[in-house]
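There are 2 protein chains.
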Amino acid sequence: MEVGAVSKGKETRERIVAEAAALFNQRGFEGGSMSELMKATGLEKGGIYRHFSSKAELAAAAFDYAWQETAETRMHALDQVPNSVDQLIKFVDNFVRRRTAVPGGCPLLNTAIDADDGNLVLRERALKSLRTWRDRLAAIISDGARRKEIKRSVSPTNVANLIISVLEGSLMVSRLERNRDAVLNAQRFLEQYLENEVRIAKKSSSSAR
Amino acid sequence: MEVGAVSKGKETRERIVAEAAALFNQRGFEGGSMSELMKATGLEKGGIYRHFSSKAELAAAAFDYAWQETAETRMHALDQVPNSVDQLIKFVDNFVRRRTAVPGGCPLLNTAIDADDGNLVLRERALKSLRTWRDRLAAIISDGARRKEIKRSVSPTNVANLIISVLEGSLMVSRLERNRDAVLNAQRFLEQYLENEVRIAKKSSSSAR
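For the record, the sequence lines run as chains G and B. Numbered according to my numbering, the first sequence spans residues 11 to 219. Numbered according to my numbering, the second sequence spans residues 11 to 219.
Heads up, a few of these hints could be off.
Because identical chains share one entry, a pair is satisfied inside a single copy or across any pair of copies.
Unchecked claim - Computed list of lysine-lysine pairs in DSSO-like fashion (alpha-carbon distance at most 30 angstroms, straight line):
{"id": "1", "residue 1": "Lys212", "residue 2": "Lys49"}
{"id": "2", "residue 1": "Lys212", "residue 2": "Lys18"}
{"id": "3", "residue 1": "Lys100", "residue 2": "Lys55"}
{"id": "4", "residue 1": "Lys18", "residue 2": "Lys55"}
{"id": "5", "residue 1": "Lys20", "residue 2": "Lys138"}
{"id": "6", "residue 1": "Lys55", "residue 2": "Lys65"}
{"id": "7", "residue 1": "Lys212", "residue 2": "Lys158"}
{"id": "8", "residue 1": "Lys212", "residue 2": "Lys65"}
{"id": "9", "residue 1": "Lys100", "residue 2": "Lys49"}
Keep in mind that the hints were calculated from the coordinates and are not lab data. Being a predicted model, the structure only gives us computed values, none of them experimental.
Next up, chain G with everything else stripped away, as it sits in the complex (with noise of 0.2 angstroms):
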């Protein structure tokens, strides 16, 4: 009996944290409030906060949870692709085409701009977050250097900030105006880019374009 509490107390945690990811990735840290969260829950104050003992350690878990889903949308199936500029190619298609199971946009990006003047706990998990996805795609983009697949002038550093700078402005814009121009135009720019600037052009390309 007691691990079956363990467990629907564990449950229950979880689906607070999914629905304040929801929550607040839409309506941000302040503008998300606890009455929303028991509505969507159907829970009392007193069952939430039995789980967390502030809003904001609330909404830690919530932009971890968030984030987390959001990086593996991203990353998906990347390890699958062998040549390190289509491992890019496919970050930027699923960064556009994918959908992540919270709704939104991207938490990275609304949590940046929500903390970055304000809640501290908050602006930490942000930064640690634009670090991870920052290093994972110089990573891949060292890994092509050395491979002989990426040419050995390009900064990872300066291409992967280049990369997510494009994708979370055009994104952005993209939401709102409600379509998905501006998104498409960065992929098919970041695409050429990719090609004609990082690419070390082989005589038998196996061109994915």
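The hints should help you fit chain B onto chain G, whose structure is shown.
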């Protein structure tokens, strides 16, 4: 005396708007509270609501003020630059280097993220600002194509969207990291892009780089 009262009222209103612009641009519409605004302006609640019927009306006026200040800073002295590509390069430089009077980053980016799932009045204003901004950049590019400074093959809207996306995305990264690496990287990249992909090369090039 009446004229004096009117002009004093106008002055007070402008002071409230300027303080509200700084507050909402840093803390968001939900995060910026009326009590903070009372502290910043030294006015009682009644003194503020004498000029605005609601927080939403005040936020709209604050956004308009913040965006006008920002747009003027970014467009600074563009009309003194004769060549259209150099105008775009100057625009990027203004974005990266010139400080605006309103703290908290780009009001369009902040409001787009803040309001994309929320406040409709602010959302509409952010959308209108985005379109005005993009139309302005696209007009520079169209003019340049007519004057044979810019390749006819480039799409004015797509290039304008790319410039906006790169700059806004990199601003998010730079503000989160509290250093200028990402925006300076974006500037270098956009300059190269504009020189190599957008400008029609002249024999006697007066390259600024």
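### Message
One pair to classify: Lys212 and Lys65, alpha carbons no more than 30 angstroms apart. Within, between, both, or neither?
### Response
Neither: 54 angstroms inside a copy, 60 angstroms across copies.
### Query
Within a copy, between copies, both or neither: where do Lys212 and Lys158 come within 30 angstroms Cα-Cα?
within (10 angstroms within a copy, 35 angstroms between copies)
### Query
For Lys20 vs Lys138, is the C-alpha pair at or below 30 angstroms within one copy, between two copies, both, or neither?
Answer is within: at 26 angstroms inside a copy they meet the 30 angstroms cutoff, but 46 angstroms across does not.
### Query
For the identical chains here, do Lys18 and Lys55 meet the 30 angstroms Cα criterion within one copy, between copies, both, or neither?
within (18 angstroms within a copy, 48 angstroms between copies)
#### Entry: 30 angstroms Cα threshold - placement of Lys49 relative to Lys100
Neither, since 38 angstroms and 51 angstroms both go past 30 angstroms.
### Task
Classify it for me, Lys55 with Lys65: is the Cα-Cα distance of at most 30 angstroms met within a copy, between copies, both or neither?
both (11 angstroms within a copy, 28 angstroms between copies)
### Query
Are the CA atoms of Lys212 and Lys18 at most 30 angstroms apart within a copy, between copies, both, or neither?
Neither: 56 angstroms inside a copy, 72 angstroms across copies.
### Query
How would you label the pair Lys212, Lys49 (within, between, both, or neither) given a Cα cut-off of 30 angstroms?
neither (58 angstroms within a copy, 65 angstroms between copies)
### Query
Within a copy, between copies, both or neither: where do Lys100 and Lys55 come within 30 angstroms Cα-Cα?
Neither: 43 angstroms inside a chain and 54 angstroms across chains, both beyond 30 angstroms.
In this structure, the hints that do not hold are numbers 1, 2, 3, 8 and 9, in rising order.
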